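Throw the hints in and build the complete structure from the sequences for me.
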Amino acid sequence: MTPEDILSHRPKVLSQRQREDYFEKGYILVERFVDAAWLEKLRAGVARLIERSRAETKSGAVFDLEPGHTAENPRLRRVSSPNDEDPAFWDFASRSPLGDLLQDLLGPAVKFHQSKLNFKWAKGGTEVKWHQDAPFFPHTNAAVLTVGLYMNDCGMDQGPLGCVPGSHEREVFDHYGPDGKWAGFIQKADLPRVAIDKAEYLCGPAGSLTLHNYRTVHGSEPNRSDLGRPLLLNVMSAADAFPYTYNPLKTRYYQQCIRGEPARLAHHDPRPMPVPPDWSGGYTSIFEYQQGAAAMGGGAMM
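When you read off a place in the sequence shown, starting at 1, and then add 7, the result is the number in our numbering.
Hint data in this document are derived by calculation from the structure and do not stem from the laboratory.
All figures in this text were calculated on a predicted structure; none of them were measured in a lab.
Each residue gets a CB set at the ideal place from its N, CA and C atoms; glycine is no exception.
Misleading hints may appear alongside valid ones.
[Unchecked claim] Taking lysine-lysine and the DSS-like style, the derived pairs with C-alpha atoms no more than 30 Å apart in a straight line are:
#: 1; residue 1: Lys48; residue 2: Lys257
#: 2; residue 1: Lys195; residue 2: Lys32
#: 3; residue 1: Lys19; residue 2: Lys65
[As the list claims (entries may be wrong)] Label pairs and their calculated CB-CB ranges:
#: 4; residue 1: Pro94; residue 2: Gln262; range: 18 to 26 Å
#: 5; residue 1: Gly187; residue 2: Tyr208; range: 27 to 35 Å
#: 6; residue 1: Glu58; residue 2: Pro212; range: 39 to 47 Å
#: 7; residue 1: Glu11; residue 2: Ala202; range: 38 to 46 Å
#: 8; residue 1: Trp286; residue 2: Ala196; range: 24 to 32 Å
#: 9; residue 1: Ala129; residue 2: Lys65; range: 38 to 46 Å
Here's what the structure looks like:
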């Protein structure tokens, strides 16, 4: 769907100003949207996943481990497809008021693409370099967004999401490195074309949502605080946006509508879109690629 199509429908949750801000800037923050009952349920799900990770000794399809992870001191970078790993997460994605809010930004029919649970552990949780989501999972149109949930309070010290306003209307960058291998971030030579000095950092209390279009340039600093910062991420799209490429984060809920009915026609955005590598052989996380490329001389957040 186009922004005009979406805005022609009356909002259910957001104000018209919030919707217009999203389409103008490419992101919004909705503070304290998720209530205490849902947060308690989701935090219990996170605790169960961390407990399971104690038995893991190397990164795999579900658990991406930080260096130094041990059974006694578990440190995760990501849990892939948490919606499939614990029922609390799919309940939230499909049955909570989140779906109604997403209709305000994606239209009446909302479709699930993938989920991730990213961690920034206290005192040094991994940064996420400037990147766009679109090169990882290109779709037929730009009615695709990632919604993040802060399950704990998130201030500047915790490494909040930073977004570059208006970048969703500009170019989508090649996320390959100079050696032609996938790096997963915008290369240093291209960053001067991105107004990263104007990035806004979306801090918020527990229960707040960050929502950014998949073309928006975004990233986050390391966690320099004494408090961990788990971030639950769900990628959703309008029903008429279809992925071009393989989804490496396997899920039983792939392309399932959480609101409305499946589309019978695809809407196509005419703008060119870079494509990622063939993910069918597997994929761990953005951290694996970004940190590996950084070790070979890739750029960092500035």
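Here is what the structure says about each hint:
1. Simply put, Lys48 and Lys257 have alpha-carbon atoms about 23 Å apart, close enough for the 30 Å limit, and the pair holds.
2. A threshold of 30 Å between alpha carbons decides the hint, and for Lys195 with Lys32 the separation of about 23 Å falls inside it, so the pair holds.
3. At most 30 Å may separate the alpha-carbon atoms for a hinted pair to count; Lys19 and Lys65 exceed this at roughly 44 Å.
4. Under the hint 18 to 26 Å, the C-beta atoms of Pro94 and Gln262, about 20 Å apart, fit the expected range.
5. A hinted range of 27 to 35 Å for the beta carbons of Gly187 and Tyr208 is consistent with their spacing of about 33 Å.
6. In this structure, Glu58 and Pro212 break the distance hint of 39 to 47 Å, their C-beta atoms being roughly 26 Å apart.
7. Against the hinted window of 38 to 46 Å, the Cβ-Cβ separation of Glu11 and Ala202 comes to about 26 Å, which falls outside the hint.
8. Checked against the hint of 24 to 32 Å, the C-beta distance between Trp286 and Ala196 comes to roughly 25 Å, which is consistent with it.
9. The hinted range of 38 to 46 Å is not satisfied by Ala129 and Lys65, whose Cβ atoms lie roughly 23 Å apart.
Against the hints set out earlier in the document, violations occur for numbers 3, 6, 7, 9.
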